[in-house]
Amino acid sequence: MSVTIDATAATSERPPLISSARWRVVALVMVGVAVMSAARIIADNADLTSSGTFGVALRTAAPIGLAGLSGLVAERSGTINIGLDGMMVMGTIFAGWWGWQYGPWMALLGGIIGGMLGGLVMSVATTTFGVNHIVAGVAINLIAPGIARFMASELFVGQQGGSVTSSPGNSGSMGSFTMPFLSGGDLFGWKTPDILGWFEDTGWFMIADAAGFMKGMTTAVTWDVVLAVSLFFGMAYFLWHTPLGLRLRFSGERPSAADSLGVSVHKMRYIGMAISGGLAGMGGAVLVLFANRYQENQVAGRGFLGLATMIFGNWMPAGTAAGAGLFGYAQGITLRTNPADLVNALFLAAAIGLALTAIYMAYRRSASGAGTVLAFALVTFWAYFAVKEPNNQLVFVTPYVVTLIAVSVGAQRLRPPAEEGIPWFKGMQ
Amino acid sequence: MLERIWRASLAPLVAAAAAIVISSIALLISGNNPIDAFVEMWKTIDSTAAVVDIINTAVPLYVSGIAVAIGFKMNLFNIGSNGQYLLAALIAGWAGAEVSLPPLLHVPFVFLVAMTVGGTWALIAGILNVTRNVNVVVSTIMLNYIAVGLSAFLLSEYFRDSENGGLVAQTKLMPESARLPTLDPIFEFFGFDFGERVDLLGFLPVAIALGIAYYILLNRSLFGYELKLSGMNADAAQSAGVNPKRMVLITLFMSGAVAGMIGLPFLLADSNFYKYGDAFPVTLGFTGLGLALLGRNSPVGVAAAAIVWATIEVATRRLGPLGIPPEIGKILQGSFLLSAVIAYEVVRRRNDAAAAEAAARATRESRTPPPTPETSPIGATS
Numbered sequence: 092m093s094v095t096i097d098a099t100a101a102t103s104e105r106p107p108l109i110s111s112a113r114w115r116v117v118a119l120v121m122v123g124v125a126v127m128s129a130a131r132i133i134a135d136n137a138d139l140t141s142s143g144t145f146g147v148a149l150r151t152a153a154p155i156g157l158a159g160l161s162g163l164v165a166e167r168s169g170t171i172n173i174g175l176d177g178m179m180v181m182g183t184i185f186a187g188w189w190g191w192q193y194g195p196w197m198a199l200l201g202g203i204i205g206g207m208l209g210g211l212v213m214s215v216a217t218t219t220f221g222v223n224h225i226v227a228g229v230a231i232n233l234i235a236p237g238i239a240r241f242m243a244s245e246l247f248v249g250q251q252g253g254s255v256t257s258s259p260g261n262s263g264s265m266g267s268f269t270m271p272f273l274s275g276g277d278l279f280g281w282k283t284p285d286i287l288g289w290f291e292d293t294g295w296f297m298i299a300d301a302a303g304f305m306k307g308m309t310t311a312v313t314w315d316v317v318l319a320v321s322l323f324f325g326m327a328y329f330l331w332h333t334p335l336g337l338r339l340r341f342s343g344e345r346p347s348a349a350d351s352l353g354v355s356v357h358k359m360r361y362i363g364m365a366i367s368g369g370l371a372g373m374g375g376a377v378l379v380l381f382a383n384r385y386q387e388n389q390v391a392g393r394g395f396l397g398l399a400t401m402i403f404g405n406w407m408p409a410g411t412a413a414g415a416g417l418f419g420y421a422q423g424i425t426l427r428t429n430p431a432d433l434v435n436a437l438f439l440a441a442a443i444g445l446a447l448t449a450i451y452m453a454y455r456r457s458a459s460g461a462g463t464v465l466a467f468a469l470v471t472f473w474a475y476f477a478v479k480e481p482n483n484q485l486v487f488v489t490p491y492v493v494t495l496i497a498v499s500v501g502a503q504r505l506r507p508p509a510e511e512g513i514p515w516f517k518g519m520q
Numbered sequence: 130m131l132e133r134i135w136r137a138s139l140a141p142l143v144a145a146a147a148a149i150v151i152s153s154i155a156l157l158i159s160g161n162n163p164i165d166a167f168v169e170m171w172k173t174i175d176s177t178a179a180v181v182d183i184i185n186t187a188v189p190l191y192v193s194g195i196a197v198a199i200g201f202k203m204n205l206f207n208i209g210s211n212g213q214y215l216l217a218a219l220i221a222g223w224a225g226a227e228v229s230l231p232p233l234l235h236v237p238f239v240f241l242v243a244m245t246v247g248g249t250w251a252l253i254a255g256i257l258n259v260t261r262n263v264n265v266v267v268s269t270i271m272l273n274y275i276a277v278g279l280s281a282f283l284l285s286e287y288f289r290d291s292e293n294g295g296l297v298a299q300t301k302l303m304p305e306s307a308r309l310p311t312l313d314p315i316f317e318f319f320g321f322d323f324g325e326r327v328d329l330l331g332f333l334p335v336a337i338a339l340g341i342a343y344y345i346l347l348n349r350s351l352f353g354y355e356l357k358l359s360g361m362n363a364d365a366a367q368s369a370g371v372n373p374k375r376m377v378l379i380t381l382f383m384s385g386a387v388a389g390m391i392g393l394p395f396l397l398a399d400s401n402f403y404k405y406g407d408a409f410p411v412t413l414g415f416t417g418l419g420l421a422l423l424g425r426n427s428p429v430g431v432a433a434a435a436i437v438w439a440t441i442e443v444a445t446r447r448l449g450p451l452g453i454p455p456e457i458g459k460i461l462q463g464s465f466l467l468s469a470v471i472a473y474e475v476v477r478r479r480n481d482a483a484a485a486e487a488a489a490r491a492t493r494e495s496r497t498p499p500p501t502p503e504t505s506p507i508g509a510t511s
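Residue numbers (my numbering), protein chains in the order written: chain A, 92 to 520; chain B, 130 to 511.
If we strip away everything but chain A, and leave its shape as in the complex, we get (with noise of 0.2 angstroms):
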């Protein structure tokens, strides 16, 4: 045993109970897989963990998972991105409109343009004029519904199922993508066997959760979000791989250091900027292609939801996704046929795992976040059995709830980019 000294040993607390980073994840999806299943089980849910929840999942996932992306480019390079929220919006716009012009392909490209552009005003604000970046991030959100609505009423008004609130709706729509061998796609128009959909039908304890959850990420999944899921892994490669991306980081952590090493701050701010306003577009246009027409109000504070995941996922690629993940199905399940009994469901398997995680912090003596946690568990057991209708207003807040509890925990242990937010210039310490 390497003697380290830190910060649980000046609190007394005990170790993890896994020593290994890696391990402790690949634990956590394993008792996470095993609550979902005893949940379905105790409940008599199956839809809780069916490849249909978990596939619209993944659908509703993919806009805040790209929003949470977006705010995560930005401050790594070191802007804060309080305005992806009218970034998003600028992206449904442009979505709707191309994509009622020329398709859902150019509705994608639309989106990323016009979340781009305002991307790149924001950045003229906080990077080049120092703007505090609330503050321009505050005025791209105001400016964002205007500019929408203002496009709206010159493009859509007057025509065919459009209006100031609504586009006419995408000419055409675009493919999917089932995987063939696991869940049952064509192979060269031979319908392959759906392996995954058997175990599921097994309804046997974890494994049929997990192929629930396999098959529904792999069938009929649309082209836009297969898009999204690699962009985290191409964002991950290209942030922490590659030369541009290790300057965008430098920028956000120490920019004076960087400067003196000869990187561009303001341009690679400018890149960041750009990138990130071209994802929450993005995040934009894969809403207009779900809803398959632009819609006022259509973000409905996802951006900021965006950021949310992006927090929680302590401003790193992986734990946004699974903050995506957690939101995504939240808002999934309220859109599948019995909503109630499903978000009820849920409460049992978020009191299961609240429970089990007041045990582990006890274990590892930490007696005031094991009591806090404690404490939710209770409340969530009592929603169980007490709440038979759960509002869809309840759940509306749930992934909100989630976020504030998981950064008053672990607060502490989240970093963000050391220099984030503070504008600078050439010359300053």
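Careful: at least some of the hints might be erroneous.
[Unchecked claim] One-sided excerpt, in silico: chain B residues whose CB lies under 8 angstroms from chain A:
1) 242
2) 261
3) 278
4) 328
5) 467
6) 475
Because the hints were derived from the structure by calculation, they are not lab data. Each residue gets a CB set at the ideal place from its N, CA and C atoms; glycine is no exception.
Model the placement of chain B on the given structure of chain A, informed by the hints.
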């Protein structure tokens, strides 16, 4: 004095010019004549009724701007005023309609409920900040959406007026005793007549009182001094004995309490409402953020910003039938806001640079004696 006014208004004037140029470009691209549009806007606001309308529109906006300005003064970004006022308006609307009190107590009771709810909701962010070190921007954003969901839930489950069939999700009407009368009779006494169509709503004096109170708080109180000091230099404030945690808690509570009043003009003074329901304006808190930025957090500046904002809103209302998109107002407001924050920043940096330059020059001159021909070697040019 004149120079001060000129200096303070230079940046907003530049921003206004930029906004007009940007909106004109937007109008030209969309095939409208900008000059026609601006002439029509002027015609719309060129009447007493329109002025009254502007003031009525500006009053809640002003309250909203002041609410966030309090926090902005110490670099505390209360992004959550929207949630605070929605929750406060709902609970105050419900509580105000449930109790029966004499008029002199009823109105203060509604104020008390609204301010307590708004302040408490904001205080959650404060407590999380001082105990768990949670960033206020993050927690207020989360609390915003929690408040939106919670108020929709409370309205549909508990606070809905069940007597009129309960079909429409709205609270009961405020009883007569909780309503603020219009100010028309006062003005009629002095010979003004606004006409039948409009009423100057009775919340205006409250807004003016709020502005004065805010001015006194900032400029004539110890707390205001500590607030501004914490905003300018948190470290200096702390070494001067200002308790930063206490400041965060009090400031957020005050900001939230004022935010709680944003919805009251509608509940107490507007005959179209007197209740919380579906038609209730739901984004005034976000607008207030923009107004505090435009008005530079000063009581007079935010008032000017609210009036400009309301003027644009009223002026563009009747453009639609003329074939000009009324949404141009949003473009005007938005481009004005963005140009203004940039212009303020440019002016601030230039002033800072000038001040630093002057200070440096003063230090140089006081430290080194002016060089004489004998002591200075080969003609140094600095």
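Checked hints:
no., hint, in the structure
1, 242, "violated, 22 angstroms"
2, 261, "holds, 4 angstroms"
3, 278, "holds, 4 angstroms"
4, 328, "violated, 29 angstroms"
5, 467, "holds, 5 angstroms"
6, 475, "holds, 6 angstroms"
The earlier numbered hints that this structure contradicts are 1 and 4.
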